[in-house]
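Protein chains: 4
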Amino acid sequence: MRILNTGGTFNKRYDPVSGELFVPSDNQAVDSIVSIFTDSIAVEGLLYKDSLEMTHEDRETLAEKIRQSDEERIIVVHGTDTMDASAQHLAKLGLDKVIVFTGAMVPFSVESIEATANLAMAIGYARNLSNGVYIVMQGVCGPYNCVIKNRECGKFEYVQG
Amino acid sequence: MRILNTGGTFNKRYDPVSGELFVPSDNQAVDSIVSIFTDSIAVEGLLYKDSLEMTHEDRETLAEKIRQSDEERIIVVHGTDTMDASAQHLAKLGLDKVIVFTGAMVPFSVESIEATANLAMAIGYARNLSNGVYIVMQGVCGPYNCVIKNRECGKFEYVQG
Amino acid sequence: MRILNTGGTFNKRYDPVSGELFVPSDNQAVDSIVSIFTDSIAVEGLLYKDSLEMTHEDRETLAEKIRQSDEERIIVVHGTDTMDASAQHLAKLGLDKVIVFTGAMVPFSVESIEATANLAMAIGYARNLSNGVYIVMQGVCGPYNCVIKNRECGKFEYVQG
Amino acid sequence: MRILNTGGTFNKRYDPVSGELFVPSDNQAVDSIVSIFTDSIAVEGLLYKDSLEMTHEDRETLAEKIRQSDEERIIVVHGTDTMDASAQHLAKLGLDKVIVFTGAMVPFSVESIEATANLAMAIGYARNLSNGVYIVMQGVCGPYNCVIKNRECGKFEYVQG
Chain R
15 MRILNTGGTF NKRYDPVSGE LFVPSDNQAV DSIVSIFTDS IAVEGLLYKD SLEMTHEDRE
75 TLAEKIRQSD EERIIVVHGT DTMDASAQHL AKLGLDKVIV FTGAMVPFSV ESIEATANLA
135 MAIGYARNLS NGVYIVMQGV CGPYNCVIKN RECGKFEYVQ G
Chain L
15 MRILNTGGTF NKRYDPVSGE LFVPSDNQAV DSIVSIFTDS IAVEGLLYKD SLEMTHEDRE
75 TLAEKIRQSD EERIIVVHGT DTMDASAQHL AKLGLDKVIV FTGAMVPFSV ESIEATANLA
135 MAIGYARNLS NGVYIVMQGV CGPYNCVIKN RECGKFEYVQ G
Chain F
15 MRILNTGGTF NKRYDPVSGE LFVPSDNQAV DSIVSIFTDS IAVEGLLYKD SLEMTHEDRE
75 TLAEKIRQSD EERIIVVHGT DTMDASAQHL AKLGLDKVIV FTGAMVPFSV ESIEATANLA
135 MAIGYARNLS NGVYIVMQGV CGPYNCVIKN RECGKFEYVQ G
Chain Z
15 MRILNTGGTF NKRYDPVSGE LFVPSDNQAV DSIVSIFTDS IAVEGLLYKD SLEMTHEDRE
75 TLAEKIRQSD EERIIVVHGT DTMDASAQHL AKLGLDKVIV FTGAMVPFSV ESIEATANLA
135 MAIGYARNLS NGVYIVMQGV CGPYNCVIKN RECGKFEYVQ G
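Chains as they are written, first to last, in the numbering used here: chain R, 15 to 175; chain L, 15 to 175; chain F, 15 to 175; chain Z, 15 to 175.
Treat the hints with caution; some may be incorrect.
One copy or two, it doesn't matter: identical chains are merged, so the pair holds either way.
Said to hold, decoys possible - Below 20 Å or equal to it, Euclidean Cα-Cα: the simulated DMTMM-like pairs (lysine to aspartate or glutamate) are:
id, residue 1, residue 2
1, K106, D29
2, K163, D29
3, K163, D45
4, K169, E58
5, K169, E78
6, K169, D45
7, K79, D40
8, K169, D29
9, K163, E34
10, K63, E34
11, K169, E34
12, K169, D98
13, K163, D53
14, K79, E166
15, K106, D40
16, K169, E74
17, K79, D110
18, K169, E71
19, K169, D53
20, K63, E171
I should point out that these hints are in silico values taken from the structure, not numbers from a laboratory.
Construct the entire structure; sequences and hints are all you get.
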């Protein structure tokens, strides 16, 4: 299994000088979680973007990383706003992999529980799946087109795809 | 899915008066994690014991709770010291359920990451399993007789069952 | 002693729906710290503003609250950007009180250590002072015109007033 | 100012292998707090003991460290059970210093707020004192013989000395 970390709220940290949250160009949040596992999981960072800024080229870059990965099972940590678009993009490519998207509505650095639970559930869920693209967020697990973000209440929900 | 919380290190909290960690008779730690999920998961507490004190009768009580549960998929939060014994006890009973044991080496109240990751991974893992008894700890997932505690280094490991 | 909480970074919390930090209209952060004390300290909220939005009228409101307080020693939790301006405003009024300003560069909800240390140090420092206006931030304690914010490195420093 | 760290609950950490809290032979907890200050404060560790194990010789060692310190103001981080005995021991020696004892009822590593608040308040309180021995715990500040531990409710209280 390999974790590809593209940034998003999951990774945001607070900058005391600017007074703002930003997406850092590192995998500190993911690494903090992965470090408690007995067997190391490969973690690779790319893009490091707020998902609202994710472009078509970025999605191609992500797809290429997945194609080049030796691992059959890939977890993608991604911003929540366009997680569905990136997932759909990958689904159309029909890659021969298990790809599970996850992220967080609250940064790991602000409150670690949601981010930790989402990533760990995605990993557990990915173990027994057949090839395809999936989303795991806030306890909701399913094919990518069945898990959507309800922007009004800030929760991910299961819908019939 | 239903979570049966039997206690163990996962749940321990610090008592400032005695200066000791104790297993509280509540589900506060489990509830803190479950509260971030969109759909509520049933959480039920029983025994609330350090697993070194778990008796044959306690394991029968746990088995009975599982038999009586409407849910097909059961997560058991359990102390790590005799998690294997309880899992074996249940496996011998051949219940028609997916039963996944989890717990933590560090109390949720001391440092939430491991406990949160273990419970969430157990839930994700349980979604796609066929009936049987499993253990999920520290990133290691498998049939109950393939996941053992290495007492010297305080880590769970995968072994050939 | 009385704590007057005007808002600022000290109090900011994350809103998962907007993805932004905001100044809540409550004293949750201050209360979390004060709750560990044996004797309760009066906590009163007002304004609840980012200090960049603090107006002359707001400073008058704060001054009036202080005048009306029975307590001789007042801690003011305030945003860091205009803490000096509010302190100077109060100093000119020559109130017959010990007034100690504090705040935080990192929100209590993001990382509690700095906010907790600043407030507690301000309280300890206030115990033995003669009347006047002071600032306590990041371990630096002194008359209000001797403690300034270095905006480039995000640290408060002691200067000769 | 100098911080002498003797151990006690303040410093305790959880050992996942033994399942117990222990007093580590380092200053990690104190350093985590001191690191947010603009100006560094000297931190020196000694004894690293649960205060129930503190002997007459240990108190002599502590006194000697204080005598040898260049600093006029000394903060002693100490276990709560015999904090009063160590403070009395030092008071009898009549050292020409400001000595403020503090500690915590809950380890910094379990829940950082009380430990952080106690240490920071002790530092703020120490700034404006005349020579003598004092205790600062849970918001209570005073001469060492006026601040006592109520063992039943686990709270420090102010009494007439």
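For each hint, the structure was consulted:
Taking identical chains as interchangeable, the C-alpha atoms of K106 and D29 are never at most 20 Å apart, the minima being 38 Å within one chain and 34 Å between chains. Taking the closest pair of Cα atoms, K163 and D29 come within 20 Å of each other only across two copies (15 Å); inside a single copy the shortest separation is 27 Å, beyond that limit. Neither within a single protomer nor between protomers do K163 and D45 lie at most 20 Å apart by alpha-carbon distance, with minima of 26 Å and 23 Å respectively. Taking the shortest Cα distances, K169 and E58 never come within 20 Å of each other, neither inside one copy (27 Å) nor across copies (25 Å).
Taking CA atoms no more than 20 Å apart as the test, K169 paired with E78 passes in neither setting, with 30 Å inside one copy and 35 Å between copies. Taking CA atoms no more than 20 Å apart as the test, K169 paired with D45 passes between copies only; the shortest distance there is 18 Å, against 25 Å inside one copy. In the homo-oligomer, the alpha carbons of K79 and D40 lie at most 20 Å apart inside one protomer (17 Å), although the nearest pairing across protomers, at 43 Å, exceeds that limit. In this assembly of identical chains, K169 and D29 lie within 20 Å of each other by CA distance solely across copies; the values are 12 Å between and 26 Å within a copy.
In this assembly of identical chains, K163 and E34 lie within 20 Å of each other by CA distance solely across copies; the values are 17 Å between and 24 Å within a copy. In this assembly of identical chains, the alpha carbons of K63 and E34 lie at most 20 Å apart whether taken from the same copy (15 Å) or from different copies (16 Å). With identical chains, the CA atoms of K169 and E34 are at most 20 Å apart between copies only, with a shortest distance of 16 Å across copies and 23 Å within one. Proximity of K169 and D98 under a CA criterion of 20 Å is satisfied intra-copy only: 14 Å inside one chain copy versus 36 Å between copies.
Proximity of K163 and D53 under a CA criterion of 20 Å is satisfied inter-copy only: 14 Å between copies versus 32 Å inside one chain copy. Taking identical chains as interchangeable, the C-alpha atoms of K79 and E166 are never at most 20 Å apart, the minima being 33 Å within one chain and 38 Å between chains. Proximity of K106 to D40 under the C-alpha cut-off of 20 Å is found in neither arrangement, the shortest distances being 29 Å within a copy and 47 Å between copies. Taking identical chains as interchangeable, the C-alpha atoms of K169 and E74 are never at most 20 Å apart, the minima being 28 Å within one chain and 39 Å between chains.
In this homomeric assembly, K79 and D110 come within 20 Å of each other (Cα to Cα) only inside a single copy, at 13 Å, whereas the closest approach across copies is 41 Å. Taking identical chains as interchangeable, the C-alpha atoms of K169 and E71 are never at most 20 Å apart, the minima being 28 Å within one chain and 40 Å between chains. In this homomeric assembly, K169 and D53 come within 20 Å of each other (Cα to Cα) only across copies, at 10 Å, whereas the closest approach inside a single copy is 31 Å. In this assembly of identical chains, the alpha carbons of K63 and E171 never lie at most 20 Å apart, being 24 Å within a copy and 34 Å across copies at closest.
In terms of the numbered hints stated before, the structure departs from hints 1, 3, 4, 5, 14, 15, 16, 18, 20, listed from lowest to highest.
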